[in-house]
Every structure is written in C-alpha cells, then in structure tokens.
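Read off the chains here:
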Amino acid sequence: NAGVMQNPRHLVRRRGQEARLRCSPMKGHSHVYWYRQLPEEGLKFMVYLQKENIIDESGMPKERFSAEFPKEGPSILRIQQVVRGDSAAYFCASSPSLNTDTQYFGPGTRLTVL
Amino acid sequence: AQSVTQLDSQVPVFEEAPVELRCNYSSSVSVYLFWYVQYPNQGLQLLLKYLSGSTLVKSINGFEAEFNKSQTSFHLRKPSVHISDTAEYFCAVSPIQGAQKLVFGQGTRLTINP
Numbered sequence: 162n163a164g165v166m167q168n169p170r171h172l173v174r175r176r177g178q179e180a181r182l183r184c185s186p187m188k189g190h191s192h193v194y195w196y197r198q199l200p201e202e203g204l205k206f207m208v209y210l211q212k213e214n215i216i217d218e219s220g221m222p223k224e225r226f227s228a229e230f231p232k233e234g235p236s237i238l239r240i241q242q243v244v245r246g247d248s249a250a251y252f253c254a255s256s257p258s259l260n261t262d263t264q265y266f267g268p269g270t271r272l273t274v275l
Numbered sequence: 015a016q017s018v019t020q021l022d023s024q025v026p027v028f029e030e031a032p033v034e035l036r037c038n039y040s041s042s043v044s045v046y047l048f049w050y051v052q053y054p055n056q057g058l059q060l061l062l063k064y065l066s067g068s069t070l071v072k073s074i075n076g077f078e079a080e081f082n083k084s085q086t087s088f089h090l091r092k093p094s095v096h097i098s099d100t101a102e103y104f105c106a107v108s109p110i111q112g113a114q115k116l117v118f119g120q121g122t123r124l125t126i127n128p
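Chain order of the listed sequences is A and B.
For our numbering, count along the first sequence from 1 and bump the result up by 161.
For our numbering, count along the second sequence from 1 and bump the result up by 14.
Simulated from the structure, these hints should not be mistaken for laboratory data.
Since the model is a prediction, treat every value here as computed from it, not as a measurement.
Be aware that one or more of the hints could be misleading.
Stated by the list, open to error - As a list, the in silico BS3-like pairs of lysine-lysine whose alpha-carbon atoms are at most 27 Å apart:
hint	chain 1	residue 1	chain 2	residue 2
1	B	Lys83	B	Lys63
2	A	Lys205	B	Lys83
3	B	Lys72	B	Lys83
4	A	Lys212	B	Lys72
5	A	Lys232	A	Lys205
6	A	Lys188	B	Lys63
7	B	Lys63	B	Lys92
8	B	Lys63	A	Lys205
9	B	Lys72	B	Lys92
10	A	Lys223	A	Lys212
11	A	Lys205	A	Lys188
12	A	Lys205	A	Lys223
With the rest of the complex left out, here is chain A (with noise of 0.2 Å):
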C-alpha cells in the first residue's frame, strides 16, 4: 500500500515563475491537507479539500495561491508569480474520513525561489 505521493521532491524556480506541487494521497483516502513549513518553524495550515471541494482555506495566502482536488488525478498546489519568500517545505497530508484522528504525510516538495 503505497503512502502518500507528492512530487516533485525539489522544485526550483526563478521570481516570477509558476509553482505546481502534486499530491497524491493513499489508496482510499479522499480527504487533503497541506501544510507549509518556512525555515526553521514548525508546519503551518493552509487548506483542507475533498474530492471537488475546497472545505477550509482559512490557512492560504489571499493572493497567488490555489488549490484543487479533481475527481481524478492527484491535489494540486499552485503558486503563481512566486517570491523568495514563497521558498519552504510544503507538505501534504491524507485521511480517509472526516473524523479520522490521523493523518498521514508525504515526503514534501521543497521550493526553492531564486
């Protein structure tokens, strides 16, 4: 059983550029989260979706940032126009339900912004 997936591992891109982070969560599980973490700090909440459905972005920067989920394919992370100070680890994590106490994490795509 394959965990969670998330590509690419390292990203890098230039100010201006376009970001897309891939997440596949494990087999089975229909609810994403994803999380960044900035040098030296724990990880941060940014945005909770099922499958179609943004459910709690409460976390997510107002501007360049968006996030989605489709009915088929792997939760997109999207970042446009980025900044240096866009350069962090960025994790997502899966559960199956709503009201499941655990969630299970990949391995982060870490972007670096020159």
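Since chain A is already given, all that's left is putting chain B on it; use the hints.
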C-alpha cells in the same frame, strides 16, 4: 483556536541518557494530541497520539507521552536515547470535531551525541 508551544528549540543529550521534550497547548475546544518525528530531508511520521482513555501513551520505539489536562501539557519522554533518535520532533493538536487540521508547535531538534 488552538496554539502549541514547544519550550525547547534544541535538546542535545548523550547516547543512553534520558530525555524529555516539552509541549504545552491551549485550546477552547477538546483536542487530540500528537507527536510527529521528522528525520532529515524526510516527511513527518506519526510517533504517538492521545485520543482518550489512559493518559500515558507509548510508541513502539520506546517513547512515551503523558497527557496532563490540568497543566495542558503533553511532554514526550524516553528513558534511554539512541543515535538513531536524532531528528526534529513536533507536537501537534487537532480539534476532535470537524476538520482535523493540525496545529503544530515550532519543533524541537533532538541531537544525540555519542
């Protein structure tokens, strides 16, 4: 809203010595409590969790944590550490009801010296 404070950003200890990583939280609602471990350049792995029942919970690799409701703490302990325990440890909470978005502490870097 919830918040988590890990009182020590770094803890250096000698191999086979005991260790305690401290975690305090605040929340206006009932929460689940977690400890996650992050090895270098990897994602987070669940170490142990408190949901209900016995306030002392244990992991398979010798760690244990005790939920103290009156002190709103969930400290992590191990009586004898090994070099392989070197990692970053994150305490986290999530509300029992509704979306299980995790709120993390800042992390404690545990370094084991031979």
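Now the hints, each set against the structure:
{"no.": "1", "hint": "B:Lys83 to B:Lys63", "in the structure": "holds, 15 Å"}
{"no.": "2", "hint": "A:Lys205 to B:Lys83", "in the structure": "holds, 24 Å"}
{"no.": "3", "hint": "B:Lys72 to B:Lys83", "in the structure": "holds, 18 Å"}
{"no.": "4", "hint": "A:Lys212 to B:Lys72", "in the structure": "violated, 34 Å"}
{"no.": "5", "hint": "A:Lys232 to A:Lys205", "in the structure": "holds, 26 Å"}
{"no.": "6", "hint": "A:Lys188 to B:Lys63", "in the structure": "holds, 23 Å"}
{"no.": "7", "hint": "B:Lys63 to B:Lys92", "in the structure": "holds, 15 Å"}
{"no.": "8", "hint": "B:Lys63 to A:Lys205", "in the structure": "holds, 19 Å"}
{"no.": "9", "hint": "B:Lys72 to B:Lys92", "in the structure": "holds, 10 Å"}
{"no.": "10", "hint": "A:Lys223 to A:Lys212", "in the structure": "holds, 22 Å"}
{"no.": "11", "hint": "A:Lys205 to A:Lys188", "in the structure": "holds, 25 Å"}
{"no.": "12", "hint": "A:Lys205 to A:Lys223", "in the structure": "holds, 15 Å"}
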